[in-house]
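Participant: Protein chains in written order, with our numbering: chain A, 1 to 60; chain B, 1 to 982; chain C, 1 to 129.
Each hint should be verified, as a subset may be incorrect.
[Unchecked claim] Straight-line Cα separation of at most 25 Å, DSS-like style, residue types lysine-lysine; simulated pairs: (1) Lys-748/B <-> Lys-672/B; (2) Lys-115/C <-> Lys-23/C; (3) Lys-70/C <-> Lys-858/B; (4) Lys-115/C <-> Lys-125/C; (5) Lys-4/A <-> Lys-89/B; (6) Lys-808/B <-> Lys-748/B; (7) Lys-49/C <-> Lys-858/B; (8) Lys-732/B <-> Lys-648/B; (9) Lys-967/B <-> Lys-899/B; (10) Lys-835/B <-> Lys-749/B; (11) Lys-23/C <-> Lys-71/C; (12) Lys-967/B <-> Lys-905/B; (13) Lys-672/B <-> Lys-4/A; (14) Lys-4/A <-> Lys-858/B; (15) Lys-89/B <-> Lys-30/B; (16) Lys-513/B <-> Lys-428/B; (17) Lys-725/B <-> Lys-748/B; (18) Lys-23/C <-> Lys-125/C; (19) Lys-89/B <-> Lys-51/A; (20) Lys-23/C <-> Lys-808/B; (21) Lys-71/C <-> Lys-49/C.
These are calculated hints, taken from the structure and not from any lab test.
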Amino acid sequence: MNSKEFWPFLFFIGTLLFNWPFLVIFGLSLPEYLFGVWGIFIIVTGIFIHKTGRQRNNRV
Amino acid sequence: MFKGWLLFIFILAYLSLLFLIAYYAERREKTGRSIVSNPYVYSLSMAVYCTSWTFYGSVGKAATSGLSFLTIYLGPTLMASLWWIILRKIIIISKENRITTISDFVGSRYGKSIFLSALVAFVALVGITPYLGLQIKAIMKTFIILAGETRGSAEAGWFITLILGIFAIIFGARRLDSSERHEGLVFAIAFESIVKLIAFLMVGFFVTYGLFDGFYDIFEKIKASQYGDLLFLGGGTSVSHNEWASLLFLSMMAIMFLPRQFHVSVVENSDVSHVSRAMWLFPLYLFLINIFVMPVAFGGLLLGGSQADADSFVLTVPLGQGQSLLALIVFIGGFSAATGMVIVESLALSTMVMNNLVMPAIFRFNEMKGFPTIILNLKRLIILGCVFLGYFFAVSIGEFYTLVDIGLKSFEAVTIFAPSIILGLFWKRGNKIGAIGGITAGFVIWFYTLFMPAMLKAGVISDEGFFSYLINSEIFNPHSLFGLRGLDRWSHSLFWGLFFNIVCYIGLSIFTKQRGDEEKQALLFVESYSPRMLPVKGIYSIRQIEEILGQYVGRKEARDIIEHFIARNGIRRESASQDDLFRLRDEAERVLSGALGSAIATIIFEDKLTLTERERGEISSSIKQMTDTLRLSRQELAEANRNLAYLKEFSENIIESAPVGILTIDSVLMVKYWNRHMEAITGIKRSSAHNNHIVSLLPWISRDIFLQNEYEEITLQTPSFQTFKINISPFKDPSGGHVVILEDITEKKKMEEQLLQASKLASLGKLTAGISHEIGNPLASISSLVQELRSLDMSSGEDINFTGESLKTINNHIERIANIVRSLGDFARISTKEKVISNISEILDRTINLVKYDKRFKNIRLVSDIDDIPPLKLNPDQIQQVFLNLMLNAIDAMTSGGKLTVSMKRRNESVEIDFTDSGTGIDDAILDRIFDPFFTTKPPGRGTGLGLSICYGIIREHNGTIGVKSKKGEGTTFTITLPVIT
Amino acid sequence: MRPDMTERLLIVEDEDTLCESLKRVFMREGYEVDIASSAEDALSMLEDKSYDVIITDIMLPGMNGIELLKKCRVLNPGQLVLIMTAYDNLWTADEAIGAGAYEYITKPLSHDDIKRIVRNALDGKAPER
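Let's have the full structure, built from the sequences with the hints guiding it.
Facilitator: Structure follows, in structure tokens:
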């Protein structure tokens, strides 16, 4: 999966996770849920960036 | 508690620190060791997003409506994941097109429209200035809190505003080419981001672990309290899921389209690759700065603060706990948050106002003396104007509204740009009219649903008359347009705003055409083409560029810029290439557009030669057609070449395999081509023949022949007794030369001879019967007389008389025989091959005599009319053969007797001989076949059919003609004409 | 055999000299000789007189000797006819004999030969060939 596909995918997942269905599901411990997902989202972004950065360096 | 003036000194000190930091960063940049050009500073500069709203307002919001504050930061986090696609594209396009503001971006996309960029600038100004004002208000408010008194706060506010304006001027508008980045400014902002983060973390830590026992403790306590709701969303809470989603969306728009965000993330970006790191660094910053928001908010509430004052918990809580130092740090943190926003936003706004609202009005005055200075000062003035406009807002309106409230309104305002920008990046059809329509519609909705109610509430406008009716109606109620109830303000406004915005944008784009530069710009933006890919602009000389640039930025400045560029790119003034000039001109345009906006800059350079996309399309399709045709032509050419080579080979084969010798000579009689048969005929090999003179190769051909320019056909005999028929044709080519075809007819001639002989014998055969009779009779007579004479005894005189008489008679008969024999002998002799001077009348006479010996001749009346003809060069045997043949045929035709007329007449250059018989005649149908070889009308065995064809051949060889006229039943006439040539 | 005992000959020949010569020769022998220079003349003469032997050339102007021979033989089946010719080929000989000629003789002819043949014919002897 390349960059062009990954980001919209991540965005879409994030939008879902931060919105209604899941907010209800995790309704009882929202702060934990929100901050938790938020943190994971950032970490995933970071990892993927690191990977593509490495790929590009290798390719170059 | 600090005394006001002490605080003031702190502020001054901090501001001085900022100045120093900015200055340091600029120094580093000048020496090439930029401290700013890295992804960390880049990400931190983006944190200018976190204003006093973040610092104070979040806590306030958390205390009043729980978790909804998070949306403001979750949105940008989500959006950051799309930066890879969207932000990078925007940065690339903006750098390529020298775009320095968001209004410029929009205007540029839609055909460099001045109106559109002005519209965007206007909307931004209206939407954001209030918010700018509230930052100043926050500074003033926190100042008052910390100082414990209101005295001097107004002056402080005013003064701080001025300082901020000056900071913005110094670090953002020192020169007019603001397309260059402001590393000093950016570094200062990044520094402020660190300060505010640290400050907040400190107070957060203090509250969470100092005043309470950690997160869990606070949350449990809050749950137990009256504020338990705050931990939840949706349903019975104050924040619906709709609102949550709308706020999320609004913050996503804000992080892209707030002018200050556009400035730091796009304009100040030095390297597109920094975006990738920023995609998680920036969200990380947001994460960190929000960790302690809820603890501080809940802590504040738990400590007895009211929701109404929650905005200031961050400051009041430590103050209340006696932590003055912490409070000061917090104040500085908040100050950083506020001032960062003010500086950057005012710079961005003033650039927009300057380039898109003011410049279009005054740039035509460029002839004015000192114009560059005027422009620069104008810009500085506008910066000050912006900040003081904010100040004005701060002191007049700010009372009634929270930071968050005004903040969200400005979020909604910049969302108006979203369709035009986002759709404009990916949809080529989006056009200017659509953008204008969409933005206008969005602005109207925004104004009506958000701004106007605020003004009403503030008493700026009054609720009366028609206006009142409008507002309170069902359909046009600002809070429930068209009857849409149940939505919170933000969702409601967002919904209708976007709805009309998008509908107008898409609808108008579909139903109207793009004009002018729009197509090209659309292409540039959507396809991220480099403008360099588009064709030629007019060429300006270096001097011209310097002159034009000088008119706007100042002579010295212009010269410096140009010298700098020339030096950096190693261009030589005298021998600058076209490409160099283009690049220099691009640089000049870049400089100007940073200062004046790209639309104006382009007009200044009067770029009239760019083509519309359609023209470009036509050119490229013509080029494509031409290349295709060329390719096709090349293919056809190759094919034709192949065919030609094949034909050449084919015809060479023919020439080589022809059973005749073919050679060509040029105009000086040098042999150029010599085929295989020539080698066989002459024994001369091609290699020896090539480029040799033909006379040396074939000496028996006289060179005179080649001097003719006409077709020649001659028959020659070589010394080696070969006979050749030679055809010589001149080339039609002006370069001259001839084609010579040699046919060895030696054998053929031999056969012709034999045929002639045979024909003769055949004729002879016809005569045989007659002739043997003609000879036999006189012979018998002689014999009889002799026998009589022998039986005489010669006694009587009678006998003697008789003897005398008989001897006379015998003599006569002998003469008769002798004549016949002579004639026959003449005829039967092997014919000569040559033409000699002969008397043709004599030949005809002789032939007639011969024919008389045909017994059948007895019944025929012969009429002869023979002129005297001068001697001619001919072959007497052959001619005789012809005459004989014709006469015998005539006799054949007159079986029951008739009349044969033979005439020979001289007619100018030729002799005409006619043989007319009164015989059976020849059918019209076969008349033209009688000269054909082996054609005969006689029954089998009686005629060979060779006679007439041989006659024809003989006459042709004498360059004469033979023709026939006949009428069935009446007779036939053969006519021979021979040319009189000696 | 006729009562007056003089044998009559008819010579048909268009070569005058020869004709005259032969007439003299046969008259010296005591024959009565008439001459004709064409077959037509000969036939008209045959209407008036009859002859014991007819001597004729083949090549005659108009009707040729063979035709004359046939006509004579029709008139008088036993008519003795002698054919003179310059040709000497089997074909002509066959034709002549087939048509009823007593003999044929080639020109130039010898007086002795022709006298003998005529005598033989009149004596009723068989032809020599």
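Participant: Each hint needs a verdict: does it hold in this structure or not?
Facilitator: Checked hints:
| no. | hint | in the structure |
| --- | --- | --- |
| 1 | Lys-748/B <-> Lys-672/B | 29 Å, violated |
| 2 | Lys-115/C <-> Lys-23/C | 12 Å, holds |
| 3 | Lys-70/C <-> Lys-858/B | 23 Å, holds |
| 4 | Lys-115/C <-> Lys-125/C | 14 Å, holds |
| 5 | Lys-4/A <-> Lys-89/B | 12 Å, holds |
| 6 | Lys-808/B <-> Lys-748/B | 52 Å, violated |
| 7 | Lys-49/C <-> Lys-858/B | 29 Å, violated |
| 8 | Lys-732/B <-> Lys-648/B | 19 Å, holds |
| 9 | Lys-967/B <-> Lys-899/B | 15 Å, holds |
| 10 | Lys-835/B <-> Lys-749/B | 15 Å, holds |
| 11 | Lys-23/C <-> Lys-71/C | 23 Å, holds |
| 12 | Lys-967/B <-> Lys-905/B | 23 Å, holds |
| 13 | Lys-672/B <-> Lys-4/A | 72 Å, violated |
| 14 | Lys-4/A <-> Lys-858/B | 123 Å, violated |
| 15 | Lys-89/B <-> Lys-30/B | 28 Å, violated |
| 16 | Lys-513/B <-> Lys-428/B | 12 Å, holds |
| 17 | Lys-725/B <-> Lys-748/B | 11 Å, holds |
| 18 | Lys-23/C <-> Lys-125/C | 23 Å, holds |
| 19 | Lys-89/B <-> Lys-51/A | 21 Å, holds |
| 20 | Lys-23/C <-> Lys-808/B | 19 Å, holds |
| 21 | Lys-71/C <-> Lys-49/C | 15 Å, holds |
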